[in-house]
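Colleague: The lines below spell out each chain.
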Amino acid sequence: MVTRRSMLEGAFGGLALAGGGLLARVARGGLPAGTIESSTLETLPGKRPLLKRSFRPPNYETPVAYFDDAITPNDRFFVRWHHMNIPVVDPASWRLQLGGEAAPNVFAVSLDQLKREFEAIEIVAVCQCSGNRRGLSDPHVPGVEWGYGAMGNARWKGARLRDLLVRAGMTKDAVEIAFNGADRPPLDQTPSFIKSIPVWKALDENTIIAYEMNGSPLPHWNGAPARIVVPGWTATYWVKQVTNIRALTQPLSSFWMNAAYRIPKGKFPLVDRFTSQESDTTTPITEIVVNSLITNLSDGQRVESASPISVKGLAWDGGYGIRRVEVSTDDGRTWETADLGTDLGRFSFRPWSFAVRQRAKGPMTVMARATNALGAGQTLDLIFNGPGYHNNVIQKLAIELI
Amino acid sequence: MNRLSGLALAALTLGLATGAAADERMLRLKDAPDAATVRAHCSSCHSIDYILMNSPFMKRAGWEAEVRKMIKVMGAPIPDDEAARIVDYLARQYGSE
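In order, the protein sequence lines correspond to chains V and P.
Be aware that the first sequence starts at 1, since it is given in the working numbering, and climbs by one per residue.
Be aware that the second sequence starts at 1001, since it is given in the working numbering, and climbs by one per residue.
Think of the hints as simulated: they come from the structure by calculation, not from any bench.
Covered by chain V, per the in silico footprint, the following chain P stretches (three or more residues, Cβ under 8 Å):
1. 1038 to 1048
2. 1056 to 1063
3. 1069 to 1080
Glycine included, every Cβ here is placed at the ideal spot set by N, Cα and C.
Hey, can you work out the whole structure from these sequences and the hints?
Modeller: Okay, here's the thing in structure tokens:
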């Protein structure tokens, strides 16, 4: 009997379902034993049970079984914070300040003003933690040991960042735009979580200050009352509870920019560069790599062969758009094209499905791979890097038809 | 503090909203010498599941680097002798030496 809990955990990476131990495991690089042992399903106020990675700061991921729709509901959306001090922000007294050396017209707006005085934009975009799937790195690397669920896809509504920068009179010598939120580090000497993006990305028409998520105010856990949304880029730049935006004439220098959230140069097939922060060997993480997730099957699952079997999932990338998803049911020897579902825009999850023809009882290895509009795809072997970023290894699920 | 501005913070209603403090108390470190030292220092800034979830794959050098990062980068006020004992505990109880 598959309990709800084993279903939720089994749908997620390195855990086999009860009884699944009899099957040969094809996937390498499951979660660390200590992660599996210490992770529990916990219910934060306003959320469904999520997989707890750490209580404080709160880091909770979405079980794979929840990803049955292209849009991730707010109560299922993952939670990720860097500091333990997270105030409950009163939306009525919240103010967003614009300033900085390259923004002479300093001003502040209330939430009402942000909604009233700036054009409202809606965009569907994937919010994915840079470290999503870090826990599956082989060898393992230190950090929050995420499985597949440190991501979600929402319809964000807010004001264009560039409209606020124009009002602030941003000057030509601006290099980066920096964001700070209301969350506070535990000690005065701990580096505050402040992040910056290049000016060209800040001026992109899709980069917004969001105050709505899927038609509702942002949940507290996801950055109420407003957060930065940088479609196509990983969530490290999507600063939550944003209170302060500054136009800088010099690159931001801090632990969170100079040491953290960086990838080795030249290892990943990325387009967007963040040149003002590049060093000889590393560069800040930027766009999300092409990826896909099988959402209706889990490794080790037994499936009735008598009724039609489908493979369902999601595919996404850094905003070029998914062109194709292919599925293999024979350990990668042959690949067939899956049907793509509703297109909610190039920054969104793209649902897909595939009808399996095989009916013979016995083991079946299911794989899925996505390709984007640039022709970029997923990798069979992990592109190893110390922080465990950009894991888009093609999944291999061992299924048994019974 | 290296904050961009503290002005907007005045407008905030303060209060911890983790709602998880009670659950965190269920977490246990392995009973061994210096477990109390580890809990006292590490849990002043984060729950100890950070230790549990990063085990047992971490080697001694990895735990050493983590403790050094907490002191040098995050500013954890841990005296040298206690830092050495913390590393030793983590390497023995939660490492793969």
